[in-house]
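> Throughout, our numbering is defined as the position within the sequence shown, counted from one, plus 13.
If you're looking for bench data, these hints aren't it; they were derived computationally from the structure.
Computed from a prediction, not measured in an experiment: that's the story for all the values here.
Be aware that a few hints might be false.
Unchecked claim - Think about it this way: if two alpha-carbon atoms lie no more than 20 Å apart in a straight line, the pair counts; the simulated EDC-like pairs of lysine to aspartate or glutamate are:
1) Lys201 x Glu238
2) Lys94 x Glu130
3) Lys178 x Asp153
4) Lys201 x Asp236
5) Lys178 x Glu214
6) Lys131 x Glu120
7) Lys74 x Glu42
8) Lys94 x Asp117
9) Lys131 x Glu156
Unchecked claim - Ranges between beta-carbon positions, derived for each pair:
10) Gln226 x Glu156: 18 to 28 Å
11) Asn112 x Asn200: 51 to 61 Å
12) Asn200 x Lys39: 49 to 59 Å
13) Phe188 x Arg27: 42 to 52 Å
14) Arg47 x Trp227: 38 to 48 Å
15) Ser180 x Gln226: 23 to 33 Å
16) Gly111 x Gly168: 21 to 31 Å
17) Lys201 x Glu130: 38 to 48 Å
18) Glu173 x Phe110: 17 to 27 Å
19) Arg47 x Gly215: 45 to 55 Å
20) Asn60 x His83: 19 to 29 Å
Glycine included, C-beta positions come from ideal geometry on N, C-alpha and C.
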Amino acid sequence: NGAFNAPKDRTPNRDETARAMANASKLYERGDVRGAAQQFKIAARGNDAGAQLQLGLMYEKGIGVEQDSHEAAAYYFDAAKQGHPQAMKNLGQMYEFGNGVQEDWEEAAIWYQRGAEKGNVSAQAALARAYQFGIGVPQDRGESIRWSRQAMMNGDRGSEEWVRKLSSPTNFIGFRTEEERDLVMGNKLRTASGMLGGDPEGITFRNEGERLQWLRQFAAGLDAEEGQRNQRQQQPFRSDYYGSGTGRVRE
Numbered sequence: 014n015g016a017f018n019a020p021k022d023r024t025p026n027r028d029e030t031a032r033a034m035a036n037a038s039k040l041y042e043r044g045d046v047r048g049a050a051q052q053f054k055i056a057a058r059g060n061d062a063g064a065q066l067q068l069g070l071m072y073e074k075g076i077g078v079e080q081d082s083h084e085a086a087a088y089y090f091d092a093a094k095q096g097h098p099q100a101m102k103n104l105g106q107m108y109e110f111g112n113g114v115q116e117d118w119e120e121a122a123i124w125y126q127r128g129a130e131k132g133n134v135s136a137q138a139a140l141a142r143a144y145q146f147g148i149g150v151p152q153d154r155g156e157s158i159r160w161s162r163q164a165m166m167n168g169d170r171g172s173e174e175w176v177r178k179l180s181s182p183t184n185f186i187g188f189r190t191e192e193e194r195d196l197v198m199g200n201k202l203r204t205a206s207g208m209l210g211g212d213p214e215g216i217t218f219r220n221e222g223e224r225l226q227w228l229r230q231f232a233a234g235l236d237a238e239e240g241q242r243n244q245r246q247q248q249p250f251r252s253d254y255y256g257s258g259t260g261r262v263r264e
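Using the sequences provided together with the hints, build the complete structure.
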């Protein structure tokens, strides 16, 4: 199959790196993911950013190697340092969800931004989402729309829907996760007017805990408003008329 093992005590040269990449691609296409992983590792030692990205994916998903989020993040970082935009987006996602690295939303936003500025469509969509929910950047509906529109122009169909939704100021920004939805909505019927306050405008959340705490306060405010409204609706009707059929307003 043309595979070879470059000595691990030195960096493979350019020809060895290229040969390992070619072998890795062939083995992967044949379904030999373990063999492909070994060849990708040789190419990664030769500083091939594509190989480093591929190994990040394989370690993240456990394809051809034992699943290891820490190794995945390390390979994404190596590729991102070399300017690979998809690796930048993937690394940002690892930081957002605390997968293989410590959760750090500000670091996540930095890598989303770098990938987005290099034209990577998934990084642009991720940055739009960061501005939508305040993930490591000040929450900004306008910036979210701008980056969603950029991702849409580059072919991301999901971003088109967000451009439409967020462009209407009467539409709520939505929820980042199902946990957020359950926290705010529960089994309650929320009014559209109440949800208009759901933009944490200008707030930067550094982690999931900070955002959930803000949403708890938001939900508590909704509960208080709805409780007052229900109380008003249950109060007995008090007429401003007196007598029977006189129709005169009490002076």
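> Out of the numbered hints, which ones does the structure contradict?
11
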